[in-house]
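Chains as they are written, first to last, in my numbering: chain A, 1420 to 1732; chain B, 1420 to 1732; chain C, 1420 to 1732.
None of these hints come from the bench; they were simulated from the model. One should not assume that every hint holds.
Identical copies carry no separate label here, and so any pair may be met within one copy or between two of them.
Lysine to any residue pairs mimicking SDA-like chemistry, simulated, CA-CA at most 20 Å apart [claimed, not checked]:
no., residue 1, residue 2
1, K1638, A1615
2, K1730, R1616
3, K1533, G1639
4, K1459, H1504
5, K1459, N1522
6, K1475, I1560
7, K1533, C1618
8, K1638, N1621
9, K1638, V1551
10, K1638, E1463
11, K1604, I1499
12, K1475, N1527
13, K1619, Q1637
14, K1459, D1444
15, K1475, S1640
16, K1654, F1710
17, K1604, I1642
18, K1700, G1531
19, K1723, R1490
20, K1654, T1720
21, K1604, V1644
22, K1638, D1444
23, K1619, S1640
24, K1604, G1639
25, K1654, V1641
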Amino acid sequence: MEGSAKSFYQSPGCCIQVSRIMRPDDANIAGNVHGGTILKMIEEAGVIISTRHCNKQNDERCVAALARVERTDFLSPMSIGDVAHVSAEITYTSKHSVEIQVNVMAENILTGAKRLTNRATLWYVALSLENVDKVVEVPSIEYESSELQEEGRKRYEAQKLDRIETKLRSEDIILPAINVGVTMKLMDEVAGIVAARHCKTNIVTASVDAINFHQKIQKGSVITVSGRMTFTSNKSMEIEVFVDVDHVMESPKGKASAVTAFFTYVSLDKEGKALPIPMLKTETEDEKRRFEEGKNRYLNTKAKRTAQVQKGQ
Amino acid sequence: MEGSAKSFYQSPGCCIQVSRIMRPDDANIAGNVHGGTILKMIEEAGVIISTRHCNKQNDERCVAALARVERTDFLSPMSIGDVAHVSAEITYTSKHSVEIQVNVMAENILTGAKRLTNRATLWYVALSLENVDKVVEVPSIEYESSELQEEGRKRYEAQKLDRIETKLRSEDIILPAINVGVTMKLMDEVAGIVAARHCKTNIVTASVDAINFHQKIQKGSVITVSGRMTFTSNKSMEIEVFVDVDHVMESPKGKASAVTAFFTYVSLDKEGKALPIPMLKTETEDEKRRFEEGKNRYLNTKAKRTAQVQKGQ
Amino acid sequence: MEGSAKSFYQSPGCCIQVSRIMRPDDANIAGNVHGGTILKMIEEAGVIISTRHCNKQNDERCVAALARVERTDFLSPMSIGDVAHVSAEITYTSKHSVEIQVNVMAENILTGAKRLTNRATLWYVALSLENVDKVVEVPSIEYESSELQEEGRKRYEAQKLDRIETKLRSEDIILPAINVGVTMKLMDEVAGIVAARHCKTNIVTASVDAINFHQKIQKGSVITVSGRMTFTSNKSMEIEVFVDVDHVMESPKGKASAVTAFFTYVSLDKEGKALPIPMLKTETEDEKRRFEEGKNRYLNTKAKRTAQVQKGQ
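Next comes chain A alone, as it looks inside the complex:
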């Protein structure tokens, strides 16, 4: 304790650990903690550490807003009664953004068993508290080696490209930090309903593709979260989720698309073994096209994973 507590208080800017017991409300009726609950905890750890960092050298008070979450895999299910330990650290800073890497461990406090359940990478930008439309500069971190810095720079460039692509499809403004965790939790809930309806079994989140946040959600707005199944493989389902924002009391009125994302779900039997998934029936041309696109994403991910395994990662 002493060592850990000391190093924490000596360099509080670099890291944070958020821990919490998983309750019945965090899980489905089979006792598996919702992927959305875990995404919400990840985002909370991210916003604490990045807000703390951005205020270090700035005279202007600021708050971190989530701009992007990289693809996240759920490696192992978490259960009611487990303690989730979410630890976050800053791994890269550009002029205007912060990269946060987060690890989630599940601890069974009865047996002492611990296992890694998630690794996630989040990108935040800093918004001025006085004017939330103003992006402020982010203090730089020190790197242990120039290689680490160079790898970070490459990740930064790669995600920037992907964000620009999405930007073409929507305005580039950003969700204020406070809503994002809740929004991701709702997105997972909607995806889970679509998946459960399709296979009538116990389903759990297997992964979430990268999500870019572009649209500010104001207090008093109504958000509508909807989802549709796009693809099924033998053992997994892909669900596309949409978040629309309706600025009920503000101009310009009308709905705007805030976020879209792809969730992948698997179906588990009572022993936690993956069950086969009934194939998605496609009828219209659009459905067939979406199925093919989903298949491509599925095969790409599979190929990347095989490559990583061969590289020994």
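With chain A held as given, fit chains B and C onto it using these hints.
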């Protein structure tokens, strides 16, 4: 991060840190976080670390149940937006109980300012998961010195005496772990309503006297929490809080007293300065007696604090 | 109020009082507590007192399930920081059902001001805990006078007629108690969104028409709550709300209608004065018919209220 994470994972039994951003719902309308919110986080950290410890050498799976909280002072108010860091460590074990000491720090992530807001001491016993009426043995911890062990033993004997005293007034069975944090939060809420009614100002919890838990609260029971003001000094109010349990669906039916405790509140102006408290009017003999008893508790606490200051603590 | 509280402590079986401070999450952004929050508290008080009563003389453990809520008016808005006092008492029992009358008072604990905000009447039936499809008998209460009993019998017959009418439109099974409060809260939330979209102002619940519950909602089911505006008068809007249940993992599959209800909303300016409502545009034959039906309900309610005022109620 590496260092901190490593030392955490190397000795995971000894300590835990639970961190969370304070939200509007955690606070009163003046933005001060409720004492009850903090008590609930303290209890959660305590139950994690003591349940983890009790299962270390036992073949019988068990869960820690709170038996007693020592007197707790609220040293500094916490606000919405602060990050609360609750860190807990095991400081003593007897054959059947575990002493947990908890520190609560408030961090303003905008300014980087940190301050100690609470120190608390909790006593847990371990109950068998197969039979929650069975108390199981607790593995012993190692002490850095025999002095530390001896001091722990003295604290153990002192709290045991106090618990035996309360035991005479009620049955000695214990609340299951899961309800206690919520119960303490409700107790603080009731005390706060009594205090606000008396002085019509912004009030905050200043301290909670030692609380002993004696009565099991079963799933589906109805608990009734009530409070009355017992004493006022120039700058503080004492409120006595009662928790009664009604086993609606179980025999024996009827209400039973589960917990009583004394909360002390102060009234703050907009700059956070303590305001004078209108004197409590007493009419009946009982009210006068309770006022005198409250006065004695107040003077005793004051004398102890003066002694501690003189000893340099 | 005084009387009610006193009689509560004298005979704890007959009545209950549930009190709670209203928090930011209980209210809209203008600080007005949602009607749904209040309905949920009313239902919680009702389920406690009726479950307690049903277990009094039964050997078979049972739980009370809400069958019907009579029309409820929201007499006065409640605000964040107010303490809501919900008191419930049993006013009639038939062989299989219990009538509960509930009063809600709002107390401003800073000024001491108290006002009645709601009166509600709820009907519960008792379901066996061993077999929730089995309705068990309810112990009879004692009446202060035979007139009171006779008036109760008349209310019982009247609500039975109305329930039979709805029964013809759907199956006569009943929601398990645990979900009903949450369902009513969601219904109010949906109605509120429809109302806010229509007038882009601060809107509050003015009344809810009688609601009958007919369809059991099982654990793991997906409920879909939807709403549409049916009628506008100069100062009020009527919204029809539908609850559909999708037994995702059970047969028979497919959606079933569980509840429908009419909510009336008003729009308030910053001083809490009612604003004029833009008239609802109707185009299709169905919309015109629904508008006429809503107008009839509106005029009926108005006529009843005028009659009550003339009778001195």
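Against the structure, the hints come out as follows:
In this assembly of identical chains, the alpha carbons of K1638 and A1615 lie at most 20 Å apart only when taken from different copies (13 Å versus 31 Å within one copy). When the C-alpha separation of K1730 and R1616 is checked against a cutoff of 20 Å, the pair qualifies neither within a copy, at 38 Å, nor between copies, at 37 Å. When the C-alpha separation of K1533 and G1639 is checked against a cutoff of 20 Å, the pair qualifies neither within a copy, at 41 Å, nor between copies, at 29 Å. For the identical chains of this complex, K1459 and H1504 are neighbours both inside a copy (13 Å) and across copies (18 Å), given an alpha-carbon limit of 20 Å.
Proximity of K1459 to N1522 under the C-alpha cut-off of 20 Å is restricted to the intra-copy arrangement: shortest distance 13 Å within a copy versus 25 Å between copies. Taking identical chains as interchangeable, the C-alpha atoms of K1475 and I1560 lie at most 20 Å apart only when both belong to the same chain, with a minimum of 11 Å there against 40 Å between chains. Taking identical chains as interchangeable, the C-alpha atoms of K1533 and C1618 lie at most 20 Å apart only when they sit on different chains, with a minimum of 16 Å there against 30 Å within one chain. Proximity of K1638 and N1621 under a CA criterion of 20 Å is satisfied inter-copy only: 13 Å between copies versus 35 Å inside one chain copy.
For the identical chains of this complex, K1638 and V1551 are neighbours both inside a copy (13 Å) and across copies (18 Å), given an alpha-carbon limit of 20 Å. Taking the closest pair of Cα atoms, K1638 and E1463 come within 20 Å of each other both inside a single copy (19 Å) and across two copies (15 Å). For the homomeric pair K1604 and I1499, the shortest alpha-carbon distances inside one copy (17 Å) and between copies (18 Å) are both at most 20 Å. Proximity of K1475 to N1527 under the C-alpha cut-off of 20 Å is restricted to the inter-copy arrangement: shortest distance 11 Å between copies versus 36 Å within a copy.
In this homomeric assembly, K1619 and Q1637 come within 20 Å of each other (Cα to Cα) only across copies, at 14 Å, whereas the closest approach inside a single copy is 36 Å. In this homomeric assembly, K1459 and D1444 come within 20 Å of each other (Cα to Cα) both inside a single copy, at 14 Å, and across copies, at 17 Å. Taking identical chains as interchangeable, the C-alpha atoms of K1475 and S1640 lie at most 20 Å apart only when they sit on different chains, with a minimum of 14 Å there against 32 Å within one chain. In this homomeric assembly, K1654 and F1710 come within 20 Å of each other (Cα to Cα) only inside a single copy, at 15 Å, whereas the closest approach across copies is 50 Å.
Taking CA atoms no more than 20 Å apart as the test, K1604 paired with I1642 passes in both settings, with 13 Å inside one copy and 18 Å between copies. For a Cα distance limit of 20 Å, the shortest separation of K1700 from G1531 across copies, 17 Å, qualifies, whereas the shortest one inside one copy, 45 Å, does not. In the homo-oligomer, the alpha carbons of K1723 and R1490 lie at most 20 Å apart inside one protomer (12 Å), although the nearest pairing across protomers, at 57 Å, exceeds that limit. Taking the shortest Cα distances, K1654 and T1720 sit within 20 Å of each other inside one copy (14 Å), while across copies they are farther apart (53 Å).
Proximity of K1604 to V1644 under the C-alpha cut-off of 20 Å is found in both arrangements, the shortest distances being 11 Å within a copy and 19 Å between copies. In this assembly of identical chains, K1638 and D1444 lie within 20 Å of each other by CA distance solely across copies; the values are 13 Å between and 25 Å within a copy. For the identical chains of this complex, K1619 and S1640 are inter-copy neighbours only, at 11 Å across copies versus 33 Å inside a copy, given an alpha-carbon limit of 20 Å. Proximity of K1604 and G1639 under a CA criterion of 20 Å is satisfied in both settings, with 19 Å inside one chain copy and 17 Å between copies.
When the C-alpha separation of K1654 and V1641 is checked against a cutoff of 20 Å, the pair qualifies neither within a copy, at 35 Å, nor between copies, at 23 Å.
In summary, the numbered hints that this structure violates are 2, 3, 25.
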